[in-house]
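K.L.:
Sequence lines, in order, name chains A and B.
Quick note on my numbering: the first sequence kicks off at 1 and runs consecutively.
Quick note on my numbering: the second sequence kicks off at 251 and runs consecutively.
Hints were generated in silico from the structure; no laboratory data involved.
Among the hints, a few may not be true.
[To be verified] Straight-line alpha carbon distances no greater than 30 Å define the calculated DSBU-like cross-link-like pairs of lysine-lysine that follow: (1) B:K368 <-> A:K125; (2) B:K368 <-> A:K183; (3) B:K368 <-> A:K110; (4) A:K5 <-> B:K368.
[Unchecked claim] Sample of chain B residues lacking proximity to chain A, with all beta carbon distances greater than 12 Å (derived): (5) I280; (6) T419; (7) V451.
[Claimed, not checked] Pair by pair, the computed Cβ-Cβ distance ranges are: (8) A:H64 <-> B:Q319: 48 to 58 Å; (9) B:L306 <-> A:L236: 56 to 66 Å; (10) A:K77 <-> B:K368: 19 to 29 Å; (11) A:L236 <-> B:F398: 51 to 61 Å; (12) A:S141 <-> B:V321: 53 to 63 Å; (13) A:S71 <-> B:D338: 40 to 50 Å; (14) B:V287 <-> A:D74: 24 to 34 Å.
Think of the CB as a built atom: it goes at the ideal place given N, C-alpha and C, for glycine as much as any other residue.
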Amino acid sequence: MIRVKNLHKSFGSNEVLKGIDFEVDNGEVIAVLGSSGSGKTTMLRCMSFLEKADQGEITFDEFHHDMVTISRRDIHKMRMHMGFVFQSFNLFANQTALENVTTGLTVARKIPKPQAQETAHEMLKKVGMEDRALYYPAQLSGGQQQRVAIARAIAANPRVVFFDEPTSALDPELTGEVLDVMKKLADEGTTMVIVTHEMQFARDVADKVVFMDGGSIIEQNGAKEFFESPQQERTLQFLRRSSKDYNYYI
Amino acid sequence: MDGRIFNLLVESFPKMLVPCLKMTIPLTLISFGCSLVIALVLALVQVAEIPGLKQLARLYIWIFRGTPQIVQLYIIFYGLPSIGVMIDALPASIIALSLNAGAYNAETLRASIQAIPKGQTEAGYLTGLNFLQIMRKIVLPQASRIAFPQLFNSLISLVKTSSLASSVTVIEMFSVAKKIAGITFEPFILYCEAAVIYLMVCTILTLVQDVCEKRLNIAWS
Ligand SMILES: Nc1ncnc2c1ncn2[C@@H]1O[C@H](COP(=O)(O)OP(=O)(O)OP(=O)(O)O)[C@@H](O)[C@H]1O
Ligand SMILES: [Mg+2]
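Could you put together the complete structure from these sequences and hints?
P.N.:
Listed below in structure tokens is the structure:
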């Protein structure tokens, strides 16, 4: 469904992505792992055009574009089918939870308000936030904000949802409520690309794991295979370091 | 207080209050309204980083902040006719006051817009909104709240700067004060009286500001 080819990105002289090839199939849940600074966020941001790539091509269903020369108009068309969940939630501070979810429907997609609100209530219900529909972001906990952000990201029924460390800004107690929502989406067949440091979650929910190191994807495999028999020394090191009881898994 | 001065104060008060209500305040409000439109355009052009237009906006702000208001007014009213552009005193004053306040308000708005976390704009793009929709629905409602005290400052300042219009033959409050002072030879009394009326207007505006700010602070949190 999405295929990115030879994606390069530098910030000044710092080459952050060194030719990434990345593929997502319909209905697939992909976990992107890698140590800090390996370029995971940058990859998601380039794929959603928040960051301009230096080189690369993207194919997204019927869309096929060079990531450097793509026009604003084409970016907009593709984004209409993408959802994005940020590490820092980024809810619209001047809008209630409900408005956060409806704005993309009424303003961007010109869906009539009553219909949009119905959809929004449904989405908020799905993330367990229907009783907070009229709260402003400042009145919600981090976990609640992130669940609203997920409702906003899935409201327009996107073909793929990107998650950039959705639980990293949350206390451990709040992490669970967000992961539960994501697991539910995965079970419903939502196509998801999830950058995460939650190993257990990746292991349980992802179909495929992509491991990045130093701006390249150095290993990718089915989730089970990835955790049980990592092929690269670097991957093994990473897994050992990120979960202290990794050796017991295998 | 001797009776003559008391009578002078009483007689001149309505003569000054009427041009204050009919000219000073409308001139201020109209100029302020126009300055907000100018400021919004200048701020958005800069935030959107539209090449060419952004530099033009900077040039505009540089010129209008870097030259005296009265010089700008004289150029428009006394200067432009010599190159064939005649503008009446009142529109010339409105133009000069709007252009000048527009430059300052543009900076206020730009800074307020840039104070809104960038993540909200990014989230806006990824929910399918375009630049103007993001500004209208998300950024400006928040930025205007930040900008509010500073914009109100600019409004209060404009009440007083509007007296410059008297120097290009507009009959507003201060020009009436000057006229009466000339006839009665009581400049001290008359100018103090004018000052008190300006102070009254600005006091009322300050009260309005307080009420508005309290209202603004209720929502969203
Ligand atoms: N806007 C930017 N300007 C300059 N350098 C940047 C920018 N964004 C990221 N970088 C650099 O790019 C490299 C990769 O950053 P990125 O955020 O993609 O890593 P990451 O894998 O998401 O790390 P983390 O797990 O800490 O989130 C880092 O060295 C970072 O300093
Ligand atoms: Mg990151």
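K.L.:
Are the Cα positions of A:K5 and B:K368 separated by 30 Å at most?
P.N.:
Measuring from Cα to Cα gives roughly 28 Å; hence the hint holds.
K.L.:
Between B:L306 and A:L236, does the beta-carbon spacing fit 56 to 66 Å?
P.N.:
holds, 58 Å
K.L.:
For B:I280, is the shortest beta carbon distance to chain A beyond 12 Å?
P.N.:
holds, 29 Å
K.L.:
Mind checking the hinted window 40 to 50 Å against the Cβ distance between A:S71 and B:D338?
P.N.:
Holds: the Cβ-Cβ distance is about 47 Å, inside 40 to 50 Å.
K.L.:
Range first: 53 to 63 Å. Now tell me if the beta carbons of A:S141 and B:V321 are that far apart.
P.N.:
holds, 56 Å
K.L.:
Given the hinted pair B:K368 and A:K125, is their alpha-carbon gap at most 30 Å?
P.N.:
Within the cut-off at roughly 28 Å; holds.
K.L.:
Holds or violated: 51 to 61 Å for the Cβ distance of A:L236 and B:F398?
P.N.:
holds, 57 Å
K.L.:
Is the distance from the Cβ of B:V287 to the Cβ of A:D74 consistent with 24 to 34 Å?
P.N.:
holds, 33 Å
K.L.:
Just tell me: holds or violated, for the beta carbon distance of A:H64 and B:Q319 against 48 to 58 Å?
P.N.:
holds, 57 Å
K.L.:
Is the hinted pair B:K368 and A:K110 satisfied, with a Cα-Cα distance of at most 30 Å?
P.N.:
holds, 25 Å
K.L.:
May I ask you to test the hint 19 to 29 Å on the CB atoms belonging to A:K77 and B:K368?
P.N.:
holds, 23 Å
K.L.:
According to the definition I'm using, a residue is off the interface if its beta carbon is farther than 12 Å from all beta carbons of the partner; does B:T419 meet that for chain A?
P.N.:
At about 46 Å from chain A, B:T419 clears the 12 Å cut-off, so the statement holds.
In summary, the structure agrees with every hint in the numbered list given earlier.
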